[in-house]
Amino acid sequence: MTEVKRSIRAGWVIAAILGGLLVLNGGAAVRDCQSLRPVHEGEPAPDFSIPSIAASGALGPSFKLSEAKGEIIVLDFWATWCGPCKASMPVLNGIAQTYADRGVRVVSVNTEGTGAAQKARRMADRLAPSVDLVSDTGIASSLYKVNTIPHMLIVDREGTVRWVHRGMGTTAQLRKDLERAIEALL
Amino acid sequence: MEVESNKALSHWLTRIGAALVAPRLALRASDSPTGQGRSSSDITLLLLLAVVVLKTELFSMAGWMVGDGDYRGAFTVLMVGAREHLIMPIILLLAGSVVLSLLAGRRRALASDFDLVCVALTPLVAVELVHALVAKAGLDIHTISVAIGYSWSAALMLLALQQARRRPLKKKDATAND
Chain V
0 MTEVKRSIRA
10 GWVIAAILGG
20 LLVLNGGAAV
30 RDCQSLRPVH
40 EGEPAPDFSI
50 PSIAASGALG
60 PSFKLSEAKG
70 EIIVLDFWAT
80 WCGPCKASMP
90 VLNGIAQTYA
100 DRGVRVVSVN
110 TEGTGAAQKA
120 RRMADRLAPS
130 VDLVSDTGIA
140 SSLYKVNTIP
150 HMLIVDREGT
160 VRWVHRGMGT
170 TAQLRKDLER
180 AIEALL
Chain U
0 MEVESNKALS
10 HWLTRIGAAL
20 VAPRLALRAS
30 DSPTGQGRSS
40 SDITLLLLLA
50 VVVLKTELFS
60 MAGWMVGDGD
70 YRGAFTVLMV
80 GAREHLIMPI
90 ILLLAGSVVL
100 SLLAGRRRAL
110 ASDFDLVCVA
120 LTPLVAVELV
130 HALVAKAGLD
140 IHTISVAIGY
150 SWSAALMLLA
160 LQQARRRPLK
170 KKDATAND
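Respectively, the protein sequence lines represent chains V and U. Taking numbering that gives the first Met the number 0, I'd label the letters of the first sequence as residues 0 to 185. Taking numbering that gives the first Met the number 0, I'd label the letters of the second sequence as residues 0 to 177.
Hints were generated in silico from the structure; no laboratory data involved. It cannot be assumed that every hint is accurate.
[Stated by the list, open to error] Pairwise CB distance ranges (calculated):
| hint | chain 1 | residue 1 | chain 2 | residue 2 | range |
| --- | --- | --- | --- | --- | --- |
| 1 | V | Glu178 | U | Ala94 | 43 to 53 Å |
| 2 | V | Gly158 | U | Tyr149 | 43 to 53 Å |
| 3 | U | Ala94 | V | Leu142 | 44 to 54 Å |
| 4 | U | Ile147 | V | Gln172 | 23 to 33 Å |
| 5 | U | Leu93 | V | Thr169 | 25 to 35 Å |
| 6 | U | Leu93 | V | Lys175 | 37 to 47 Å |
| 7 | U | Leu101 | V | Glu42 | 51 to 61 Å |
[Said to hold, decoys possible] Derived pair list, reagent style BS3-like, types lysine-lysine, alpha-carbon separation capped at 30 Å:
| hint | chain 1 | residue 1 | chain 2 | residue 2 |
| --- | --- | --- | --- | --- |
| 8 | U | Lys54 | V | Lys85 |
| 9 | U | Lys135 | V | Lys144 |
| 10 | V | Lys175 | U | Lys135 |
Where a beta carbon is used, it is the ideal one built from N, C-alpha and C, also for glycine.
Based on the provided sequences and hints, a complete structural model is requested.
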């Protein structure tokens, strides 16, 4: 019976730990509620400056979002290990080619840090050679609250977020959604 | 004895506690005919509660997304958060069950072996919760807590194997022995 009593006590300790964590983490989530709000449509796009990845795979000049004002920017957060991201890259490449002469630029943000620049370049060359490739060490991802990839946004010519997309459906649907969102801004 | 241990461990919290401080009792109860399936639902509930208390910021983000009408985004964020947290325990549960079943020899019983592994994994989740709480106080004991969690669960796996090998042989096998 002592074993049962000890078990009851241990069970309540676990319950207390769960309760404590809920209070502490839940309290923090409530306190930081505003800062946890993901970037949404209609909000000014947070500005960032991160290095581009040159054709050689080395880090190149920085890409600053605010300097691209006047262009429609499609931001795509991705990683080389992410299957759905790879599947979406040819779609983005097609978008970059179709709308290049109409002031639309696709910026592919690799979220794996500068160490993965070479790998990202090789993959982009194979799947999406027409997109601009940049390397993020977490600056842009944290500004845009990127928790899942692929994560795409469209920023209009004035620097306002106009479209947000998380996850991946079919490539055909993604292309349709992207085209519809871009056409609405042209 | 089995009936007694099952009666005593009728509450979810008591069964979780037993896996931590009275593992033989928890394993015996889990392996008994009346206790079947309970430990798998126990660990599932514990894991889900752990996701809720450890990933509150994701729930907050998902709430915002729902408010913005992005139901799909909210679902994706929650699923990815849950997947990150649950993938390792699920792999360990499945791999552990296969190993236990193989080692149990002729006394194997797949469903019961899975239940025993569920009990054995409880310390891993419990240590993770303690670590999360301690980390709130600014103490970084990640490596130590991982080592404690895995060693504790490994020890329970050995006890689970003992329990599995204590099962009576099935009638067919027993007759073959005679």
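Verification of the hints:
1. Glu178/V - Ala94/U: 43 to 53 Å: Holds, since Glu178/V and Ala94/U (Cβ atoms, about 45 Å apart) stay within the stated range.
2. Gly158/V - Tyr149/U: 43 to 53 Å: 49 Å, holds
3. Ala94/U - Leu142/V: 44 to 54 Å: Because 39 Å falls outside the window, the suggested range is violated.
4. Ile147/U - Gln172/V: 23 to 33 Å: Given about 47 Å between the Cβ atoms, the range is violated.
5. Leu93/U - Thr169/V: 25 to 35 Å: Since Leu93/U and Thr169/V have Cβ atoms about 30 Å apart, the given range 25 to 35 Å holds.
6. Leu93/U - Lys175/V: 37 to 47 Å: 38 Å, holds
7. Leu101/U - Glu42/V: 51 to 61 Å: The hint (51 to 61 Å, Cβ to Cβ) holds, given that Leu101/U and Glu42/V are roughly 55 Å apart.
8. Lys54/U - Lys85/V: OK: Lys54/U and Lys85/V at ~27 Å, within 30 Å.
9. Lys135/U - Lys144/V: 22 Å, holds
10. Lys175/V - Lys135/U: Roughly 45 Å separates the two Cα atoms, so the pair is violated.
Hint compliance for this structure: hints 3, 4 and 10 are not met, and every other hint is.
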